[in-house]
Amino acid sequence: MASSLVETKLYVPRLRDGQVSRPRLRERLSRGSQSRLTLVSAPAGFGKTTLLTEWLAAAPAEERAVAWLSLDEGDSDSGLFWTYLITALQTAVPDVGASALPLLQSARPPIETVLTTVLNELRTLPYELYVVLDDYHLADGPAIQPGMAFLLDHLPPQVHLAISTRSDPALPLARLRARGDLVELRSLDLRFTPGEVAAYISEAGGFELAESDIETLEARTEGWIAALQLAALSLQGRDDAPGFIAGFAGDDRYIVDYLVEEVLSRQPDQVRTFLLRTSVLDRLSGPLCDAVTEESDGKRTLELLDRTNLFVVPLDDSRRWYRYHHLFADVLQTHLLDERRNELSGLHRRASEWYDQAGEPLPAVRHALSSGDVERAADLVELAIPALRRDRQEATIRGWIDDIPDEVVRRRPVLAIGFVGALMAGNEFDGIAQRLQDVERMLDASAGGADIVVVDPNELARVPGAIAMFRAALALVAGEPAETIRFADQAGRRAPSDDHLTKAAASALAGLARWAIGDLDAAHRGYSAAVDGLRRADHISDVLGCSITLADLRITQGRLSDAQRTYEDALRLASEEPDTLRGTADMYVGLSQIACERNDLAAAAEHLRHARDLGEQNGLPQNPYRTRLAMARPREAMGDLAGALDLLDEAQRVYLGDFSPNVRPIPALRARLLVATGALGEAVDWARQQGLSADDDLSYLRECEHITLARILLARHQAESSESALRDASGLLDRLATAAESGGRTGSLLEILVLQAFARRESDDEPGALAILERALTLAEPEGYVRVFVGEGPPMRSLLGGVARRHDDWAYVQRLLATDEPPDQSSPTRQGLVEPLSERELEVLRLLATDLNGPDIARELVVSLNTLRTHTKHIYAKLGVNSRRAAVRQAHELDLLTRTGDR
Amino acid sequence: MSNTAAGDLHESGWYEIRLDGRLDPRWATRFDGMTLTYDDGTTVLEGLVADQTALHGVLQRLRDLGLPLVSVTRMPTDRFADDVTTTTNNGELS
Chain H
33 MASSLVETKL YVPRLRDGQV SRPRLRERLS RGSQSRLTLV SAPAGFGKTT
83 LLTEWLAAAP AEERAVAWLS LDEGDSDSGL FWTYLITALQ TAVPDVGASA
133 LPLLQSARPP IETVLTTVLN ELRTLPYELY VVLDDYHLAD GPAIQPGMAF
183 LLDHLPPQVH LAISTRSDPA LPLARLRARG DLVELRSLDL RFTPGEVAAY
233 ISEAGGFELA ESDIETLEAR TEGWIAALQL AALSLQGRDD APGFIAGFAG
283 DDRYIVDYLV EEVLSRQPDQ VRTFLLRTSV LDRLSGPLCD AVTEESDGKR
333 TLELLDRTNL FVVPLDDSRR WYRYHHLFAD VLQTHLLDER RNELSGLHRR
383 ASEWYDQAGE PLPAVRHALS SGDVERAADL VELAIPALRR DRQEATIRGW
433 IDDIPDEVVR RRPVLAIGFV GALMAGNEFD GIAQRLQDVE RMLDASAGGA
483 DIVVVDPNEL ARVPGAIAMF RAALALVAGE PAETIRFADQ AGRRAPSDDH
533 LTKAAASALA GLARWAIGDL DAAHRGYSAA VDGLRRADHI SDVLGCSITL
583 ADLRITQGRL SDAQRTYEDA LRLASEEPDT LRGTADMYVG LSQIACERND
633 LAAAAEHLRH ARDLGEQNGL PQNPYRTRLA MARPREAMGD LAGALDLLDE
683 AQRVYLGDFS PNVRPIPALR ARLLVATGAL GEAVDWARQQ GLSADDDLSY
733 LRECEHITLA RILLARHQAE SSESALRDAS GLLDRLATAA ESGGRTGSLL
783 EILVLQAFAR RESDDEPGAL AILERALTLA EPEGYVRVFV GEGPPMRSLL
833 GGVARRHDDW AYVQRLLATD EPPDQSSPTR QGLVEPLSER ELEVLRLLAT
883 DLNGPDIARE LVVSLNTLRT HTKHIYAKLG VNSRRAAVRQ AHELDLLTRT
933 GDR
Chain S
844 MSNTAAGDLH ESGWYEIRLD GRLDPRWATR FDGMTLTYDD GTTVLEGLVA
894 DQTALHGVLQ RLRDLGLPLV SVTRMPTDRF ADDVTTTTNN GELS
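Protein sequences, first through last, are from chains H and S.
Numbering of the first sequence is given in this note's numbering, commencing with residue 33 and proceeding in unit increments.
Numbering of the second sequence is given in this note's numbering, commencing with residue 844 and proceeding in unit increments.
Extracted from the complex, chain H is given alone in its bound form:
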């Protein structure tokens, strides 16, 4: 659980003694088991929470799981709300949302993305799940409304949502009502009937009242349970119950006021003072109460209140934490303000100090603000920022920006720069430049002798470097690589030598800018420096994040072995840590991609299994989409193109960008697969939507898309014999090759050369095609590339055959030719055969349909005549024929020859 979450909010309340059983309501609630939403909507003090508790406690625990979330002020922040909700789900369904939580904690993806993964996980639950959102009015608002509506719309049948609230939520209630998907209980349903009043008084109060007194009580309280509870307390030990009730009925004062006063006046002074003073607290524990009241019997007093039912609600089973019933706390606070206003600031200050000592900065800041001491609050915020940033809880810092007045921030450069960091982490870039300028002015003014406030002088020394670093980030976001590099260099110079984090961030930003402009070597140097800095700052998890970038750069450069070493080094580093680090899973995902390129599909699968065992909670925010991309590659290699396409679609759904340039966009990879599956039209549509054209100016950022366009053009040439498509493809590829070569992008160049070879062959320039392919092979051999060639299927096989004929001792080429073609898993149904033909057998069959004789076919396939005979025998058997002519006829009938299998 993230450090700043309050655990007691997830506690499922227990039923207490002395509560009236309400079968009539329970029966109505039980219909909630067939509905999506159960809404308990009534003002404070109508027993909403108790009712839900009673309902959930009525069924045996093994038949249902309960996720309970008690909402607080401040939970209307969407990041916090969904984090709490998913954490609450995890108390009922372990591991659910393991991939969704990291997504929420880092960037802010569309909430539908996050919820979709959670809902998919819930869909397979073998039991009923009840999700209770208590005091929903505290969170309801435009920030969470769209997500809640989406959640309600897509809730699996075995999951039920129950909401208690004081105001009707902004949810499509009318629609749910019309569909019978809503069970509703309102104050009229919840109010105590005279029978329930009598039962309650005798149960909780321990005495009986005359029927007429009960009726008076019910009429005066209008069945409001909170008032009845107070009345019962007031009545306890009184000789003149009827007199009290009559007096109370004849008074039109606000009923809670009247009764609380009655109850308070009957408490010993010491208890009364305790109640008033501690009413400023959201949560109560013995030590906290002692600190606030400056007494020493907090724990005993809380236990006494609990025993005598004086409106404390236990928040855990061990009775360590309590809270007051909201309504009671309200009245107490009013009395406090009225009678002891002068104490208020001191009470809040002591509460703030206690929370600060206890290492809970959030309530410490809140009470400091309530005490009116904004400077102290600012101190606390300043000190809390580094740890919150490390935990990626920037949303919390963001929330404080509105609470601390500008004139306080204007004298605090460290605080001001902390706020900048929080804003940028939330992708809020408006006004950042101005804020940075303000901080700079503060530093200048302080150099001129003006007063500034700094809690930790070490942090002040970091500010100048941080200013430049944030400016670099702003420039990167604005797409200005030159400015990014200039500010990053400035940050590197200004940061103190021990500020490894700022230096590392600056190096990384410069590296990203250089990456985006295609200067891969410089990008790699920048990122390596960042990694060194992060290691020195002991941010090993971030080292893992940077390793992905470093490896990606190496792969683009065609340096597979270096990329592999990058991942392996990072894993070694991570293994020295006591706990599994976030990012470990990503290293295995990266290794699987390299293994896949080398056609070591077993190793690729093994790495992916390892990553999966570690779980997405041990992955970086980008892990969900990267994993799916990595899984798609072996699928494609095995010939399961439809499965690979599904994975790409899934990857797109969970895609989460970061500061890295998106140099391999998923839609482009998807278009390639579409070409491979023969869905050329869809791929052409994609290219049109992207506004891609063969005459575009080339940039590294669009390289992947342009290579994809070249593939589409080549496929169009094949399908439509379009000469212009071939011409466009050839021209584009020639330019792409030059660009990739001058940028040192050997990884990209290999693919471009392969396509160039095809283009040459299509232009009937066989020698040209073979020469280009030989060049690609020479570049690829030292790094052990396989898929870049073999993945192209039969057309490449025949070209490789050509190379093999020219260089019969080239072992690498022989190895590529010997690489097994994947079994075609996508075709069995389409082939209409009991035992489908393999891709290789289809290739043989296609040649059998030509005029070539046996030895020619064997040569074409670069196999021995014996091997060809074996293939032919299998084909005949599968087709149920015994001659070449019958096989070809059968093949035509089954439509096996129209699929070219070409790309």
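I should point out that these hints are in silico values taken from the structure, not numbers from a laboratory.
All figures in this text were calculated on a predicted structure; none of them were measured in a lab.
Watch out, some of these pointers could steer you wrong.
What the hints assert, rightly or not - Listed next, the stretches of chain S that the computed footprint assigns to chain H, with coverage defined by at least 3 CB atoms under 8 Å from CB atoms of chain H:
id, segment
1, 861-868
2, 905-911
Claimed, not checked - Far from chain H, some chain S residues (derived; all Cβ distances over 12 Å):
id, residue
3, 881
4, 885
5, 890
6, 898
Even glycine gets a Cβ: it sits at the ideal position worked out from N, Cα and C.
Given the coordinates of chain H, assemble chain S onto it according to the supplied hints.
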């Protein structure tokens, strides 16, 4: 009445909120700067409210106390300085 209940979102206004029952004047401390008076079975909470957000804050506090709301009225601006002696009930909520 020149300025109606549907007036400007960002402007302050003088509001009169009527509640069923008698609320002790002590509660005025919970509604910053507003006064509480009792008038024949109804409690009148009135005062200057900074903007619509502040008004909703006040209404929310009343909701949390479970007090039945009778009416919310925005008073004419020219009466800011005067004693409010008469009331009109437009914008009735319940």
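**OP:** Report the numbers of all earlier hints that the structure fails to satisfy, in ascending order.
**Re:** 3 and 4
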